[in-house]
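Residue numbers (numbering that gives the first Met the number 0), protein chains in the order written: chain A, 0 to 357; chain B, 0 to 357; chain C, 0 to 357; chain D, 0 to 357.
Mixed in with the good hints there might be a few duds.
Because identical chains cannot be distinguished in the list, a pair is counted as satisfied if it fits within a single copy or across any two copies.
BS3-like, lysine-lysine: derived pairs with alpha carbons at most 30 Å apart [unchecked claim]:
{"id": "1", "residue 1": "Lys206", "residue 2": "Lys312"}
{"id": "2", "residue 1": "Lys84", "residue 2": "Lys33"}
{"id": "3", "residue 1": "Lys33", "residue 2": "Lys221"}
{"id": "4", "residue 1": "Lys180", "residue 2": "Lys314"}
{"id": "5", "residue 1": "Lys272", "residue 2": "Lys321"}
No lab work stands behind these hints: they were computed from the structure.
Number of protein chains: 4
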Amino acid sequence: MTWILGNRIKINIFGESHGPAIGGVVEGLASGIKIDMEELEAFLDRRAPGKTKLTSPRKEEDRPVFHSGLLDGYTIGTPIAFTIKNSDHRSSDYSDLAKSPRPSHADLTARLRFGDGVDMRGGGNFSGRLTAPICVIGGILIQLLRYKGISIGAHLYKVGPIIDANYNLLDLSYDDTEKLKNADFPTIDQEVGRRMQDYINEVRSNKDSIGAIIECGVVGLKAGYGNPMFEGIESSISKNLFSIPGVKGIEFGQGFGVADMLGSDHNDGMYYKDDGSIGYYSNNSAGIIGGISTGMPIVFRLAVKPTPSIGIKQKTIDLLTKKNVTIEIKGRHDPCIGIRMVPVVEAMTAISLADFVL
Amino acid sequence: MTWILGNRIKINIFGESHGPAIGGVVEGLASGIKIDMEELEAFLDRRAPGKTKLTSPRKEEDRPVFHSGLLDGYTIGTPIAFTIKNSDHRSSDYSDLAKSPRPSHADLTARLRFGDGVDMRGGGNFSGRLTAPICVIGGILIQLLRYKGISIGAHLYKVGPIIDANYNLLDLSYDDTEKLKNADFPTIDQEVGRRMQDYINEVRSNKDSIGAIIECGVVGLKAGYGNPMFEGIESSISKNLFSIPGVKGIEFGQGFGVADMLGSDHNDGMYYKDDGSIGYYSNNSAGIIGGISTGMPIVFRLAVKPTPSIGIKQKTIDLLTKKNVTIEIKGRHDPCIGIRMVPVVEAMTAISLADFVL
Amino acid sequence: MTWILGNRIKINIFGESHGPAIGGVVEGLASGIKIDMEELEAFLDRRAPGKTKLTSPRKEEDRPVFHSGLLDGYTIGTPIAFTIKNSDHRSSDYSDLAKSPRPSHADLTARLRFGDGVDMRGGGNFSGRLTAPICVIGGILIQLLRYKGISIGAHLYKVGPIIDANYNLLDLSYDDTEKLKNADFPTIDQEVGRRMQDYINEVRSNKDSIGAIIECGVVGLKAGYGNPMFEGIESSISKNLFSIPGVKGIEFGQGFGVADMLGSDHNDGMYYKDDGSIGYYSNNSAGIIGGISTGMPIVFRLAVKPTPSIGIKQKTIDLLTKKNVTIEIKGRHDPCIGIRMVPVVEAMTAISLADFVL
Amino acid sequence: MTWILGNRIKINIFGESHGPAIGGVVEGLASGIKIDMEELEAFLDRRAPGKTKLTSPRKEEDRPVFHSGLLDGYTIGTPIAFTIKNSDHRSSDYSDLAKSPRPSHADLTARLRFGDGVDMRGGGNFSGRLTAPICVIGGILIQLLRYKGISIGAHLYKVGPIIDANYNLLDLSYDDTEKLKNADFPTIDQEVGRRMQDYINEVRSNKDSIGAIIECGVVGLKAGYGNPMFEGIESSISKNLFSIPGVKGIEFGQGFGVADMLGSDHNDGMYYKDDGSIGYYSNNSAGIIGGISTGMPIVFRLAVKPTPSIGIKQKTIDLLTKKNVTIEIKGRHDPCIGIRMVPVVEAMTAISLADFVL
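Sequences are here, hints too, so could you generate the full structure?
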């Protein structure tokens, strides 16, 4: 369902795309911690639609209203609950979705799971809009993790044939991840970012969409967090990231490249540094061994499918007439959901790590 | 930790590699279900070491002793608990591990997490040996899922440069997955399997190890199982599979290939079949949309790192002398843990699906 | 914390007494179920303050605003989230609570648990006001349980020396519990109710408060619900009812009277009725044996402490000056919290049973 | 079910009375803690049958065999799993239970819950024998809590008309609770204990049984542990104690007496002691306010029903012939289960507190 139940931190996300509001609750934070609301809003703006021509131009008033758990900008130790009003529904855009499920949207599976009563207008509870409350909670946790010296930064690693710079497994630094927060477009190399935008523009002009790979790095997580087996760091991150609509794959470190690697290449040898701390000669494990952090940077990549909403005519069924029909999805949609998903990935990573660290 | 807490099915795995026993508990199964113990043992044999020259030849008496939850071979609705005795420890093989952590093993991270008191002989609670109780529980659940018409079959898709046949996303059949159960070597194409064995033999003769990609298919899962967000099918499968020591990546359907796909290529159009049921023109979603099953086959691939235990000299540290040293790991180890991991992947997949289906 | 995590139904309650709003989330309800909003508001009115002279006259606008999970008055299968705005704070009434914790309130323990940052104005997250969202969720679940033929009814069994009629363990009927919903005062015998009110009025005129015993009956729960050990029905009901501020005891059936009973008196013999169904000669088990329902009425009683807020001068400490001081609590408070707690007990009982039944 | 899932400590209990073994698993303990096995066995002996003439003389080899989580008598941070073999079944004693459920045993409700396949020989998973693994886990946790200065001691407060001394709410000391561990009979006043035994002997000679009230005290729990609402200390203790077969009521502090108390009597005023620490003038709250510990002793009482197994002829049904019949339960049974339940109450209390404290 829509709950994460950690041992310390518990989270719930609720709402439908075209219902009165969406929102969330997070519990388990210590009291007396300052939350920087301006920073939080800047973070939410990174996910908000309409920022560039490449993201859906619907005007959403994505400002959370906080109901509890905060006093004068400080946590008080009780559940933080908030809602974000829904508005600007062009419901007519979605009017015939009820009878004709959109290919590769959850329209049909949701109906099979929850019955005909399900509210799938705008994607309902499955909408990418539900990533807004995730960013509210994740944005708060990112601030709390930074107090512990932890920085999380994601970027668009690949869109179609265009590839951004790779995160360096061994030497990824706090500055590398932090500076992405102010980038106009979420690539390490801004020139590559411009080429990605050109490419996506072309896709959009064809009424089509394109998939992407997002890469995320975590710097500053000390060694010794995590658990063996079902509560390892990789298990936690992957579980939460697959909750983001459209994610179809995740790989840590060398990822699928390990099938071509010998143990003698992949193993990360250790040494004592001059100051007595432990260093690694390589970081193919990407900061996690046995589900537990090594102290080295965590790096993983996500496969994000092309936006299923496209303007091209598609084959589907009519649930009322029981006929095979075609559908042309109107309305305006992101040609590459990967762009707006970048801060969502950072938020979810923060959520995943918070239960171990806070 | 070592618990899976589904809404219906709860699982615990316990034990250390060189402690008295390993074992597990599973609760939430209905009563009155026949468990075929011979089939279960045949399944466990697929994971057992010593089967081929390519798997570690230690003789383990991997027979589970059941303590509760079963009567005359039938479930009775209460927790099924079992243990598997540990034996055949060549503790001398591991004698110096305490002071010199093995590269890319959990020796060091476990110590940082649990303190010096941790028992890491043979990998302790992090050992691949803990996949034996997973196979006991998964082997039981595979039988229960088959009563629902569901078949799960995994194979070695890639080892070094050798690639087995791919599972067909659209037309994967019950027979395709079932027939792997009797294969000598876990490939679809037995000729490819022989080449893989030759390749692995060569790696072994160099005292090295090699990574792998395992592909797993699920056939017969009806549409409508799963949940949005944090309890989607992909979230559940990925969380559990990353608990298997050595897994570094997972991708569903087209996986990381989606970054090169247009929405018009990736979307799975629908149609009514002559019998009124719903069909899909393609299955790039690999049987899951919005976290919920579509009724089409589920196909995913796992990246498995090379066995970290290799006979080649490696750089590490000596925790007692605080010096940089080298280590040569003695004992006999699988040159490709991917081989024995194939039934473990099937078991974990069954565990992941059982909470939705049973 | 403030979450109930059943196997099917998950609940969260949030908010502080003087924060912006309180509210809750409930997940796990089927879709397509009609919720009668008028009935729900009538139920909430039973808890609302200011109804009689004996309950606190603060005007609270205790109407929940629903944000999600409902469409046109029907459930849609997703989390139902709602908030209730806080208002009418006479904060000056509470102005010196911060430095002088009120005896037998959570003022001091909350501070020790959550630190000085905790917001204890009006009782904060510990306030009896948090029972309003419990009544919203419980009021919804009461409607859902009634579809299954289950009725829950509580009454004031004892206040000081005044005792209402006892629920009959063996013959409690659906009508017995349902008719309490329309009673002016929550007693079975309305004449007893008037005497209770006179007694409470007298206590109030002395600026004092009085404890109470509430009795609750459940009729129509079929046999076979519940679980052995930690998820038995008594475990679930007691855990949830002790969450209501002020509850200090619970007893089922003969309760503490069992210490004087012989097994031959207490055991509930069985017989076949003419229609082949199973009857019991007595119901000392109060509808639950081994944690599982027998099909007979469930009856339990709760001990509710006197309202800790009284107008009489009391001894306490001043946390700023570190001196022993006295406190006179101003503001208007219920002289017997037991009265308004009656529907809260029904709501919590519905919450406790819903996870087993729905 | 049979799992306790705290935020830190997770517990599972498994087994049937006449299955191969019973046992349990506990996870979440720190590593490097010495467990005194002799003390643990002495604790288990207090629950073991056959110690006095008044407890069932079946010889059970109630020694746990530990499989994991311990090394050389120290915890290692991983799950501690153990089993206790079942033996000495006089199955003939129970031979006709399958068809004639015993009044006020779970025989019938278990069958309705789990189906005819359930194994109810000797009470199955519902048997009082399952309190043995609870005592193993609780006995370990009692040792861990003592390292924190916490002592837990229970005694038989009332059996029929015989009443033992009451625990003093205000001045209960560490020695008061500890010295019960060496008592021959679990009363504070040994002379009262002798009279209780005489009374129980008389009940037994009549082939009957008698209920009891057990009182339990906790000394040394510092202020500030616990949570508001659903995870308060009272919620946790009550939930777990109602899991013990036969418990029908629990009350903290003044318990049901609060209905006769004025707020001015019940409220616990505070003062600064000379050393600057906070004292209470009274302890009617019994150490818990708002679900959180005050630092004062916790005292609660449990109502325990008479043993349902009695030698007197009782009315029941025959599930095979569908006739009303009588049953005479043979075999030897405790005439007062309250006696052996005393250490079980201590164990469960330790389990309840451990998740907050450890």
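Structure-based check of all given hints:
For a Cα distance limit of 30 Å, the shortest separation of Lys206 from Lys312 inside one copy, 10 Å, qualifies, whereas the shortest one across copies, 57 Å, does not. Within a single copy, Lys84 and Lys33 get their C-alpha atoms as close as 25 Å, and across copies as close as 24 Å, so both meet the 30 Å cut-off. In this assembly of identical chains, the alpha carbons of Lys33 and Lys221 lie at most 30 Å apart whether taken from the same copy (23 Å) or from different copies (28 Å). In the homo-oligomer, the alpha carbons of Lys180 and Lys314 never lie at most 30 Å apart, since the shortest distance is 40 Å inside one protomer and 38 Å across protomers.
In this homomeric assembly, Lys272 and Lys321 come within 30 Å of each other (Cα to Cα) only across copies, at 10 Å, whereas the closest approach inside a single copy is 70 Å.
The structure is inconsistent with hint 4 alone, although it conforms to all the rest.
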